[in-house]
Structures are given as C-alpha cells and as structure tokens.
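There are 2 protein chains.
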Amino acid sequence: MKLAVRMADRAVGLTSPNPPVGVIIVKDGQILARGWTQKGGSPHAEIHAINQISKKAELSGSTLYSTLEPCSHRGKNLPCIDKIIKYKFKEVIISQKDKNPLVNGKGIKKLKSKGIKVILKDFNNNIKYTNNIFFNSLNRNKPYISLKIASTADGKIAMILKESNWITGKSSRMIGHYIRSKNDCMLVGRGTVESDNPSMDCRLAGLSDASPDIFILDSKLKLNPNYNIFKLKNRNVFIFHNRSLTGKIKKKYKKVLFIKTTNKDKLLDINKIISVISQKGYHRVLVEGGSELSTTLLKNDLVDKIYWFRASKVIGSEGLSAISNLNVNKMSLIKNFRLDNSKRIDNDILDIYSRG
Amino acid sequence: MKLAVRMADRAVGLTSPNPPVGVIIVKDGQILARGWTQKGGSPHAEIHAINQISKKAELSGSTLYSTLEPCSHRGKNLPCIDKIIKYKFKEVIISQKDKNPLVNGKGIKKLKSKGIKVILKDFNNNIKYTNNIFFNSLNRNKPYISLKIASTADGKIAMILKESNWITGKSSRMIGHYIRSKNDCMLVGRGTVESDNPSMDCRLAGLSDASPDIFILDSKLKLNPNYNIFKLKNRNVFIFHNRSLTGKIKKKYKKVLFIKTTNKDKLLDINKIISVISQKGYHRVLVEGGSELSTTLLKNDLVDKIYWFRASKVIGSEGLSAISNLNVNKMSLIKNFRLDNSKRIDNDILDIYSRG
Numbered sequence: 001m002k003l004a005v006r007m008a009d010r011a012v013g014l015t016s017p018n019p020p021v022g023v024i025i026v027k028d029g030q031i032l033a034r035g036w037t038q039k040g041g042s043p044h045a046e047i048h049a050i051n052q053i054s055k056k057a058e059l060s061g062s063t064l065y066s067t068l069e070p071c072s073h074r075g076k077n078l079p080c081i082d083k084i085i086k087y088k089f090k091e092v093i094i095s096q097k098d099k100n101p102l103v104n105g106k107g108i109k110k111l112k113s114k115g116i117k118v119i120l121k122d123f124n125n126n127i128k129y130t131n132n133i134f135f136n137s138l139n140r141n142k143p144y145i146s147l148k149i150a151s152t153a154d155g156k157i158a159m160i161l162k163e164s165n166w167i168t169g170k171s172s173r174m175i176g177h178y179i180r181s182k183n184d185c186m187l188v189g190r191g192t193v194e195s196d197n198p199s200m201d202c203r204l205a206g207l208s209d210a211s212p213d214i215f216i217l218d219s220k221l222k223l224n225p226n227y228n229i230f231k232l233k234n235r236n237v238f239i240f241h242n243r244s245l246t247g248k249i250k251k252k253y254k255k256v257l258f259i260k261t262t263n264k265d266k267l268l269d270i271n272k273i274i275s276v277i278s279q280k281g282y283h284r285v286l287v288e289g290g291s292e293l294s295t296t297l298l299k300n301d302l303v304d305k306i307y308w309f310r311a312s313k314v315i316g317s318e319g320l321s322a323i324s325n326l327n328v329n330k331m332s333l334i335k336n337f338r339l340d341n342s343k344r345i346d347n348d349i350l351d352i353y354s355r356g
Numbered sequence: 001m002k003l004a005v006r007m008a009d010r011a012v013g014l015t016s017p018n019p020p021v022g023v024i025i026v027k028d029g030q031i032l033a034r035g036w037t038q039k040g041g042s043p044h045a046e047i048h049a050i051n052q053i054s055k056k057a058e059l060s061g062s063t064l065y066s067t068l069e070p071c072s073h074r075g076k077n078l079p080c081i082d083k084i085i086k087y088k089f090k091e092v093i094i095s096q097k098d099k100n101p102l103v104n105g106k107g108i109k110k111l112k113s114k115g116i117k118v119i120l121k122d123f124n125n126n127i128k129y130t131n132n133i134f135f136n137s138l139n140r141n142k143p144y145i146s147l148k149i150a151s152t153a154d155g156k157i158a159m160i161l162k163e164s165n166w167i168t169g170k171s172s173r174m175i176g177h178y179i180r181s182k183n184d185c186m187l188v189g190r191g192t193v194e195s196d197n198p199s200m201d202c203r204l205a206g207l208s209d210a211s212p213d214i215f216i217l218d219s220k221l222k223l224n225p226n227y228n229i230f231k232l233k234n235r236n237v238f239i240f241h242n243r244s245l246t247g248k249i250k251k252k253y254k255k256v257l258f259i260k261t262t263n264k265d266k267l268l269d270i271n272k273i274i275s276v277i278s279q280k281g282y283h284r285v286l287v288e289g290g291s292e293l294s295t296t297l298l299k300n301d302l303v304d305k306i307y308w309f310r311a312s313k314v315i316g317s318e319g320l321s322a323i324s325n326l327n328v329n330k331m332s333l334i335k336n337f338r339l340d341n342s343k344r345i346d347n348d349i350l351d352i353y354s355r356g
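Chains as they are written, first to last, in my numbering: chain V, 1 to 356; chain S, 1 to 356.
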C-alpha cells in the first residue's frame, strides 16, 4: 500500500476534477503492474494499471491495492469495478472509502456481491490527507488553498516603488515551480499580473504539461490581453469579473473563459469565488500573491497551507509587506498556524505552515 | 586542542574585559587539568588550570594546550608565562597568536628563550572566530553586535497598540536567555524599557550570575528608576545621555553609571556609543530591540549576527514591524546576510544570520 500511495502522490496536481489515486496489482507475491490517475482524471488508476498487462488472463486471481475505493458509477469513465470483476481479481485492498456520494461504499458492496474479497483498512498513511482534500472540495465546495510567499527575512516581498527583482534564490524558485505542478490551478489578482507580468507556468524539465490552469480576478475586465499569463497554450485561463460581457470584450481575450460573480465589501466575493473554483472540479488552489489577495484569503480564514520562502536579506519599511491589514487589532485575533516543516535552500529558508 | 576550545566556549560572555580562553594540561598522555578564563577575566585560563593541581611538581615536563597565546604583560593578573616557566612545562601548543599589542608574540618569544618548546598551529577550529571578536573589539573598538528578534511569521514584533504578550513560545524564550548569558552586555533604548519593563537578566537555573551588564540609551535621562532593569543586583547598569548631570539626577538613579555622549542626526551617536562600549572592555553586545534601535544598528551596518525567532502566527499591518526605515529604497541597497543555521523550536523557528 505504501507503493500505491507513492503512485497517488505522482498524480497530485494533475488529475482534477478527479482525485489522485494510486494502484498496485500483485499476484503470487510479485508486482504485476502499477497505476495512477492520469492527466485530467482519465483513465482512472485501476484502469491505468490493468492496461499495463497485455494478457488479461494473467490478472485472474490477483490482488489489487488501491488508495481509494474503486468507482461504481459511470462518469467520464466506465465504472472501474466492472473491469475488476471482469478480469477475476481475487482480492481488493482499499485504504479509504470514497466519500463521493456517488460511490460511498457502493463499489465495495458490489465487489463483495461478486465474491471478491474486500479489505478496507486504515493504513495510517498520508493518503487520508490527500483524499480529504478531494472530499472537502467535492462535498463542501472547499478546495485546499496554498499560499506561496517569497519574502525577505523581515517579511517584505518587493520594494514599495515596485522595482522588480527576485528576492529569493534560484533553487527556491525551482521549488516554487514544483509546487505549481502539484496544484490543480492558480488564483491571481489583476495587480500582480500588471506589476510582475508572470507566466505562472511550471518551468521544470519534463513538467511543462503540469502548468496549472489559471483563475484571474479582474472585476472590470481591464487587463491587457498581451500579458504573459494569456500566452501559454494547453491550459485554461478563467477571469472572474462583475461587468456585462460584450462581443468586443470576448473578442479582446481569445480563449479566455469568463465567470461573472458578485461583490462583497467592494471586492469580488472571495468565498463565492473559491466555491465556484471547487465546483469546476479544482481541488488544489495555489495563490502566489499579491499582498492584497493573500490578505483577503487569510482574513477570511481560507488558507490551508503557507509555503513561506525567506531570503537572508532585510529591506525595512520601504519594502512592501507580504501581508497587509488582517483586522488583527488585538493578540487574541492573531492568525495561528502549525509549523509542518522547515528546510534550508541555499541561502534561503522554506517554512511550511498549515492551518493551526 | 578540541577540548581546550570547549573550555573557551564555556567562558564566552563571562570574561570581559578579557577574552574567553581554554587550556588543557597533559602529561604522559593523561589530562592533568582543564581551565578556562574565569568571571570578569580573573584568573586567566592557564592559572585556573594550574591551580587545579595541588602538587605543583607534577607539572614539570607537561604540555599546555591553549586556545590563545599566554600573556606576557602584567595587567590585573600577573603574566601567565611566568608560571609556565616556574613550573617547568616542557611544551606549549597554541592555536593563535594574541593580537593584543601588549602581547603579540612576546609571550611565545619569552617561553622559547627559556627553552620551552612552543608550537603555534592553526587547528582550523572555531577559536579563530571567538578570538577575532576580542581582537576586533580591542584593536578597532568594534565589538561583536548580535540582534535578537522575536517576531511573527510576517515579521511583526508586537501590536502597534502596544498590547503586551509573548509572541514566541516558552522554549524560544529559554534559548533567548541562554543567548543573553553568552554576551558581555546588552544595549537597549528607553522606549523598550518603558513599553515592556524588561529585566534583561538570564533566568536559567545556575546561570543567573551570567546576566549581562546593561547599557541604556536615554538622552534626556527621563527613565523612571523604578523599572525592573534597575533592580537586579550584581551587574552594572550604564546610561548613555547628553544632558548635564545634577546631584539630583545622580541621587535619583542609585548605582547607575553615566556616560555623556553627543548626538548625530538627532539621535545619540550610535557609532560613538558602540566604540565606548568596546573601550570599556565589552566585546559582545546583545540588542533585543526595540524596532528603532535595531533599525539604527542595521542602517549603520553595525550588526554582525541576527538571532531571528519566528512564531507560526500572522498579524498583518496592525503589527509593529521588527525593522523600520533602513533607507533601502532600491534593491541594490538591500542588507544582505548569510544564513548560518536554522532550527525548529517547538512551533517556532530560529534562523541565525551573520554579516553577508
């Protein structure tokens, strides 16, 4: 099962709207095949593993390990359990029941009814954490939101006068690209697009396909369509806005998908936006700033994880703070996190926090 | 020699105006005695070690390892080399020549003239770093200045509204007390005394004697003498000021030592202050804020080391920044440091930086 979890980890950030699942097929103490959910969710991990075996007769009598209950419903894909039954698996070992109401034990029940032995067991591994991200997003419209901050030691992300320059080192930036590949989509405000003109892609060798889809907040649809963020092929770019769409606007942005939403407190309603992103099947959202969007998310207690890269430099008050006004005007309102990990990266530090 | 360095490390922060030195005496492959510079510098490490041996005849023919050249001049103490000669040591092994102009090779020369074998060898250990702090302070009036900051993840040290509360955890604060014990003195501004009323002592079991002496900046001598900082016995408290001393003022502050200095840019001249501290024999200065003093030191490039404790909390713009205006208005002026070490302490992180 450990190996199956590793297969699932491979798929993280690539499988939306489906969850990342890992599968191992074993017969007579030998691994016949390994599988994981493929890009965009198809094929499922079970089918990906089964497809490794050309002579399907070999599958008869084998055991399938899966990090999540195999599906019993017909979605984009045919139900996985049908193949498990068809190829006469002897046994299916599962880490966790699928809390998707369309499955939720039905897969297990049907396998058992066909005489296949099913073991559902908590292996105490990280897969619950991975699966829960999917369940929360599916059942509560609450995707997992990660914030990436790259600052100086004193928490400044840029000069106030907007002089643009890298604060953290090259290795930190590479890890930043890897973090992108492990998320389903990114959310960014208009200000950051205008000031930094980021591509927000994954520029690691072999992982350019893993560049996440992009959601931009631009209430008045003012962004110039020539910014880099619109240039990358093979990914979807959405804009949240609150104005009426004209043919002229649609023509201005080629291939952009528009989502009209409403304001709250003079800004686009962040809770509604997050909920819409989840409904569209994105379970892991990465936010790399700017300061205003990070602050809005923290203020609304929407941040699940913070990747905080810190360079060994100090700017002082002429630097722009990573976080602005959180309405924390007394100590009891302070936002608490748990320190998950801390790593040295050349002359930078990466501190990883999760919800306290 | 490794063991001698460990002896020297024990003495760090306790020996001013003398440097912390470690000594090991060996005869026939056995350690006869270990010594280190005692509190306030007396006795020296050599004498401390020699005094362990009641029958001085045993010392004849032994080898003395010292982290620094034994002294040849008469200060508060008699010259160490006289005892080395008197007790007929065979050999003296030294890590580094003493760059104090009063010694600077004279000790080695005199030992050799008496037929004692002297080996001066760079053991590539930390002792150079320890000794150089002493040499810089003695020869350039530049003590080693450490800044201790305890902040949130976003670099805030308190609420702007001065609500007082610990930001970092209990273990971090204990390490903070240990850092105090390893410094000769502390420097603090009037504002911090007034807002936090700190004792600035070392409250670790067995180390209360290691509480450093205190230098306070209070140009107009306005501080109320009832603050905790004036209450601790067995240490010196100095106030830097720039007004005329009256009998009334002297009476107000019992036992405080006054140092009159001049202003520069409307503040007490920080370079002059640092230089005076060094001239008084203090080689390691710890500054724990506030924001204004930390900023002044950083702006003047006077900070050698930063101990930055970071709690896993976020305050945002209603928090008081650890560092204020450094006149860093472009990236090229940014203050660079080197990351020496980073440690997790419960739910906090301690990042240790030194001059870049």
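Just so you know, not all the hints are guaranteed correct.
Unchecked claim - Taking CB as the label site, the calculated pair distances span:
#, chain 1, residue 1, chain 2, residue 2, range
1, V, Asn341, S, Lys248, 45 to 51 Å
2, S, Arg235, V, Asp346, 40 to 46 Å
3, S, Tyr129, V, Asp301, 32 to 38 Å
4, S, Asn124, V, Asn165, 33 to 39 Å
5, S, Leu333, V, Gly191, 56 to 62 Å
None of these hints come from the bench; they were simulated from the model.
Just so it is clear, CB atoms sit at the ideal spot from N, CA and C, and this is done for glycine as well.
Q: Just pull the numbers of the violated hints for me, sorted ascending.
A: Result: hints 1, 3 and 5 break, sorted rising.
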